[in-house]
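A.B. asks: Kindly produce the complete structure, drawing on both the sequences and the hints.
These are the residues of each chain, in order.
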Amino acid sequence: MSNIPNELRYVASHEWIRDEGDGTVTIGITDHAQDLLGDVVFVELPEVGDKVTAGDDIGVVESVKAASDVYAPLTGEVVAVNEDLEESPEMVNSDPYGDGWFIRLRLTDMDELTDLLDADGYAEHCESES
Amino acid sequence: MGNKTILYTQHVAMGAKIVDFGGWDMPLHYGSQVEEHHRVRQQSGMFDVSHMTVVDVTGPDARDYLRRLLCNDVERLKQKGKALYSAMLNEQGGVIDDLIVYLMTEPGVSGEWYRVVVNCATREKDLRWMSDQVMKMDVALTEQPDLAMIAIQGPQAMDRVKSVLSPFRQNLIDQLNQFQGQESEGWFIARTGYTGEDGLEIMLPDDEAEAFWKALAEAGVAPCGLGARDTLRLEAGMNLYGQDMDETVSPLVSNMGWIVAWEPSDRFFVGREPLEAEKEAGVKFKLVGLAMETGKGVLRHGQTVVIDEQNEGYITSGGFSPTLGYAVALARVPFATADEAEVEMRGKRVKVRVVKPPFVRNGQKVYS
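For the protein sequence lines, the chains are S and V, in the order given. Going by my numbering, the letters in the first sequence line up with residues 1 to 130, in that order. Going by my numbering, the letters in the second sequence line up with residues 1 to 368, in that order.
Careful, some of the hints might be misleading.
Here are the simulated lysine-lysine pairs, DSS-like style, with alpha carbons at most 30 Å apart [stated by the list, open to error]: (1) K65/S with K17/V; (2) K65/S with K356/V; (3) K65/S with K80/V.
Between beta-carbon pairs, the in silico distance windows are [to be verified]: (4) A12/S with E208/V: 17 to 23 Å; (5) A12/S with E280/V: 47 to 53 Å; (6) D22/S with Q42/V: 43 to 49 Å.
One side only, chain S facing chain V, incomplete, derived with CB under 8 Å [what the hints assert, rightly or not]: (7) G38; (8) L45; (9) E47; (10) A67.
For the record, the hints were derived by calculation from the structure and aren't laboratory data. From a predicted model like this one, the values you see are computed outputs, not experimental measurements. All residues carry an ideal CB built from backbone N, CA and C; glycine is no exception.
C.D. replies: Below, the structure written as structure tokens:
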């Protein structure tokens, strides 16, 4: 079974969200997602300053197996992107919840956080897809 | 549940992610296919290829039978154990399968026989075709389903294999030329492979395979799955049946013209006439390499290659090259294609260079 940390929130498109407590969230893809993708070889992300809307595709993860879109789980402005993924995309595989993070967003509406899945809800979702 | 090779429990014990491949449950990788790829290019890795189909061709007419069946000519095999890459064609000149054929005896002796290794996904149609082509010839076809096959590949492969074998077999390996194999007490040890590295492919009885696999692992040979096998062969510019060629295309548009033996001109082989007609009329397409040296993204099977407003081709095999750090592909394009093209990727067009495969040999970039 893949690792689904309790303290994070999730969406059905396999992104995780961490509330940083200062109006921003950090976003990445889950352990389950990286396992399905296999070795990640390129990650394309939006730029700092970009405005994104929940549900938009905001980037692409290319793995040895397939290209998959990355979706914005929430609405806001990009305040940071993980530039280390340029050189070391394999961190998405080795540390999906840590060094393999994608972007940080300043949220437009903090209430959107309440719509996200918790760890149990996400685990159930993964189960239903398999 | 699919078929399982004798090494299946070893794969699971070693943490393999198992996938279906042509009806067989095979390891995709044991953690990271990119790391496995690098292990083969830099040190040594091993692949369970026991799912492949081994057919022995014996009988007085074995040579005549193969000279008719294959587009390459087994007459070129002048030394015991020597291997020849070839293909079986249908009557339209399409590729039924590609294969390796070994001459198992001295050439021309009484009792001369051959061993043919064909793909696993094509096993049934291959066996049917081979059997149909016997006609009135005095030939026996004997499948060898109880042989396991392990490919050990990489610059250190030969040394690592020798370190776990008897002095007699060590010596046998030292004597092997490239593309040659020898028998030894039920084993067949061949200096062949599908990676672009030096190495061995060893057929051995099922009941000895597990001990050998474990010994190799202890000697530091990394277990590698089908994922790394695919990126290694793509870098090496080697075709994959079902992607780069199939029954609907001829070897002449599949970068396999070099395995069509036109001489002697009076040798009949199945598919010869349509190939001659195709050559006469002018071959319309060619299989080339594509290298995406700048930009992000991965070339993939099925993507369209745009040459100019009138002409296009398609990618037959594509992927990320771990050795080069960018995507490469094999593509079938109009014959006149020069050295640049564009690929339609996710709604955009990206520039690629058109090159002559292979991309990588013996750990180094080789195309220009």
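A.B. asks: For every hint, state whether the structure bears it out.
C.D. replies: Hints versus structure:
Of the supplied pair hints, the one linking K65/S and K17/V holds, its CA atoms being roughly 14 Å apart against a limit of 30 Å. Straight-line distance between C-alpha atoms of K65/S and K356/V comes to about 24 Å, which keeps the hinted pair within the 30 Å bound. Between the alpha carbons of K65/S and K80/V the distance comes to roughly 41 Å, so the proposed pair goes past 30 Å and is violated. At roughly 49 Å, the beta carbons of A12/S and E208/V sit outside the given window of 17 to 23 Å.
Taking 47 to 53 Å as the suggested C-beta distance range, the pair A12/S and E280/V does not conform, at roughly 58 Å. With their beta carbons about 45 Å apart, D22/S and Q42/V fall inside the hinted range of 43 to 49 Å. The interface hint given for G38/S holds, since its Cβ lies 6 Å from the closest Cβ of chain V, which is under the 8 Å cut-off. For L45/S, the interface hint is violated, the least distance from its beta-carbon to any beta-carbon of chain V being 11 Å, above 8 Å.
The beta carbon of E47/S comes no nearer than 14 Å to any beta carbon in chain V, farther than 8 Å, and the hint placing it at the interface is violated. Interface restraint check: A67/S against chain V, minimum CB-CB distance 6 Å, threshold 8 Å, status holds.
Hint compliance for this structure: hints 3, 4, 5, 8, 9 are not met, and every other hint is.
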